[in-house]
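S.K.: Sequences and hints are given; from them, build the entire structure.
Now for the letters of each chain:
Protein chains: 2
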Amino acid sequence: MTQLAEAIAREFGTPAVVIDLDRVERNIARLQAACAAAGVANRPHIKTHKSPAIAAMQRDAGASGITCQKLGEAEVMAEAGFDDILISYNILGEEHVGRLAALTARAHVTVCADNPTVVAALADAAGRAGRPLDVLVECDTGRKRAGVETAAEAVALARAIADHDGLRFAGFLLYPPETAIPETQRFFDAARAGVREAGLEPRMVSSGGTPNIVNLGKIAGATEHRAGTYVFNDRMMVACGAATLDDCALHVVATVVSRAGPERGIVDAGSKTLTSDTGGLDGHGLILEHPRARIHKFAEEHGFLDLSACNDRPEVGDVVRIIPNHVCVVVNMVDRLIATRDGRIVGEIPVAARGRIS
Amino acid sequence: MTQLAEAIAREFGTPAVVIDLDRVERNIARLQAACAAAGVANRPHIKTHKSPAIAAMQRDAGASGITCQKLGEAEVMAEAGFDDILISYNILGEEHVGRLAALTARAHVTVCADNPTVVAALADAAGRAGRPLDVLVECDTGRKRAGVETAAEAVALARAIADHDGLRFAGFLLYPPETAIPETQRFFDAARAGVREAGLEPRMVSSGGTPNIVNLGKIAGATEHRAGTYVFNDRMMVACGAATLDDCALHVVATVVSRAGPERGIVDAGSKTLTSDTGGLDGHGLILEHPRARIHKFAEEHGFLDLSACNDRPEVGDVVRIIPNHVCVVVNMVDRLIATRDGRIVGEIPVAARGRIS
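Protein sequences, first through last, are from chains A and B.
Numbers in the working numbering are just positions in the first sequence, counted from 1, shifted up by 1051.
Numbers in the working numbering are just positions in the second sequence, counted from 1, shifted up by 1051.
Some hints could be false.
Claimed, not checked - Coverage of chain A stretches by chain B, computed from C-beta distances (three or more under 8 Å per stretch; other residues unrestricted):
{"#": "1", "stretch": "1146-1153"}
{"#": "2", "stretch": "1193-1199"}
{"#": "3", "stretch": "1235-1241"}
{"#": "4", "stretch": "1303-1310"}
{"#": "5", "stretch": "1325-1337"}
{"#": "6", "stretch": "1356-1362"}
{"#": "7", "stretch": "1380-1393"}
As the list claims (entries may be wrong) - Derived BS3-like pairs (lysine-lysine); straight-line CA-CA distance at most 25 Å:
{"#": "8", "chain 1": "B", "residue 1": "K1348", "chain 2": "A", "residue 2": "K1348"}
{"#": "9", "chain 1": "A", "residue 1": "K1348", "chain 2": "B", "residue 2": "K1269"}
{"#": "10", "chain 1": "B", "residue 1": "K1269", "chain 2": "B", "residue 2": "K1195"}
{"#": "11", "chain 1": "A", "residue 1": "K1195", "chain 2": "A", "residue 2": "K1269"}
{"#": "12", "chain 1": "A", "residue 1": "K1195", "chain 2": "B", "residue 2": "K1348"}
FYI, nobody ran anything at the bench for these hints, they're computed from the structure.
The model shown is predicted, which means the values in this text are computed figures rather than measured ones.
We treat Cβ as the ideally placed atom computed from N, Cα and C, and that holds for glycine.
M.R.: Now the structure itself:
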């Protein structure tokens, strides 16, 4: 595989972000089969690849729709023909409301809310669009991010949604910590019982996360799963047991550009390529050719190598492959992925939704 | 200024990256005057703004050329008409050598090297271009990044450069730690004495760094200074005393999208906007409207707010301004900067060299 990395370096220069389509397809097929076995729909999160081409591979393998985190990502996907999109993020504000209204003309969009201000914004969007919007209540079952904190709040918000002309209560959005499945079940059971008392039925109950693939089927009543990272995997997914190194379908091809000291060196992938997301791990990525080398620090274009533990140390000019700690943020740094298959370069895939922060 | 932030949110949506051109001009003028007073040329590093429009403001104020970290950035700047470019990074590898050769047809390019492999690559580029290349020897005087570690190595490398047909030894590239000016002077004095013995003269001695602006003029023999961050400044520059909060010319306009708990909240700027670069500081950015709010954690699109120390806590829908910890990496996340002047939106500036990692 080092030969392939060298060919990539010669053709594209380094650093370059490379995917192995054989592994991508294997990862996609594996999750699809796991969702089917658990009896839940598969709604992959496109935040990891940000690419209509890879979303199409997921759809062709059986995904029932896609998840986007931001309106701008959903716009790119709708433009590419995806017509069943969940935006798993509170949308509000004049400009976003206008864009959401416009987006509903091009795709069936499901949105979410964890507070009344967002519900009012969604109602505004539905009114402008002149068509109803399906809304999930986002529930926080331990992550302390977005989402109502209690089943009672979830029920109250579901009722508020149902009371708005133009909004339909569609169900619940969950993103449970991997260790909080029983707590999530209790929260969801209470919320479902509450909305049923109000004559509402949660048609869609969406759980998520690649580390939660092991929990597929364990939340009774969940109808679908949103996983993103599984498509490429990374060092974090290997560390938490959600993937093996062989499942890592993306790596960065980099060049050793400096060896100014016997125990140290510099690769040309710094924080502008690998990002400073550590994912709580030691070191910033795994160098496949030198697994005992530690990327201990970054400047924007410099990856600082501690080579003290290596017997075989890389030379200036050596091309290496790096598995990133967190793959989603690396994809967001580049405009294209170099695609390989069966050990050969087969093309470039645009990261069409890169940088859609809004 | 909150009114302006709200107008930006209404027009562009959030998060949005905003610059204050009045402050940018003031920062540019201040460094230009400081370089003039110290008798060194000003060669700003474009890594911070990645924009030909802002580089033109620096040139028009008196900058003698520009610095780029990567070939791809230099290509964008040459395309925009900049004709005196220092690339302060080891260049090697087939693809980069070819691009460097092509670039020399469009601009006077000065390059650097800290090892013989890179010198050979540069000679190859000069040969292909059919014109000589000016090469600096990169010296490490304490940062432990790239750069030869001793004056003797610097002299040997200078001789190797001069011995190559097509390469000209041009001088030294320094990037001293702010606390290592005396050590840098000793290193440089020894290196200069050594190259003079070999009949070489360092025409160009380039130092750098915004925190080293306080050291302008303190390295006898330095001919120019490369500073980047000074053009916008950030929380790191405020923390190290290189700037005040009033000198911070860039902020992120964000919206509070969730307040699921009384002491916590979420803003719509996460690591995909502000990045995980902490710069060694506590918290990920300063919220101007709520300075006691702490951005304690990121997901890609979520900034986690700890509001426990705030008396006045933001509501869902509130628009806030965030000074990032590290401004250079934030600019690299977006395709445009919203430009303001005198409290009004005046346009958009493309980040033309964004993402040029190679």
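S.K.: If a hint holds in the structure, say so; if it doesn't, say that too.
M.R.: Structure-based check of each hint:
1. Counting residues of the stretch 1146-1153 of chain A whose CB lies closer than 8 Å to any CB of chain B gives 3, so the stated coverage by that chain holds, three being the minimum.
2. For the stretch 1193-1199 of chain A, the assignment as covered by chain B holds, since 5 residues bring a beta-carbon within under 8 Å of that chain's beta-carbons and 3 suffice.
3. Given a C-beta distance limit of less than 8 Å, the hint that chain B covers the stretch 1235-1241 of chain A is violated, as 0 residues qualify and 3 are needed.
4. Under a criterion of three residues with beta carbons nearer than 8 Å to beta carbons of chain B, the stated coverage of the stretch 1303-1310 of chain A is upheld, 4 such residues being counted.
5. Restraint check on the stretch 1325-1337 of chain A versus chain B: 4 residues with Cβ-Cβ distances below 8 Å, three needed, restraint holds.
6. Chain B is given as covering the stretch 1356-1362 of chain A, and this is violated because 0 residues of the stretch bring a CB closer than 8 Å to a CB of that chain, at least three being needed.
7. Here's how the stretch 1380-1393 of chain A fares: 5 of its residues keep a CB closer than 8 Å to some CB of chain B, so the rule of at least three is met and the hint holds.
8. Only pairs whose Cα atoms come within 25 Å are accepted, and K1348 of chain B paired with K1348 of chain A is accepted, the gap being roughly 20 Å.
9. The suggested pairing of K1348 of chain A with K1269 of chain B is violated, with an alpha-carbon distance near 29 Å, which exceeds 25 Å.
10. In summary, the hint linking K1269 of chain B to K1195 of chain B is supported, as the alpha carbons are separated by about 21 Å, within the 25 Å threshold.
11. Under the criterion of a C-alpha separation no larger than 25 Å, the hint pairing K1195 of chain A with K1269 of chain A is consistent with the structure, at around 21 Å.
12. Annotation: proposed proximity of K1195 of chain A to K1348 of chain B holds, straight-line Cα distance about 11 Å (limit 25 Å).
When held up to the earlier numbered hints, the structure conflicts with 3, 6 and 9 and fits the remainder.
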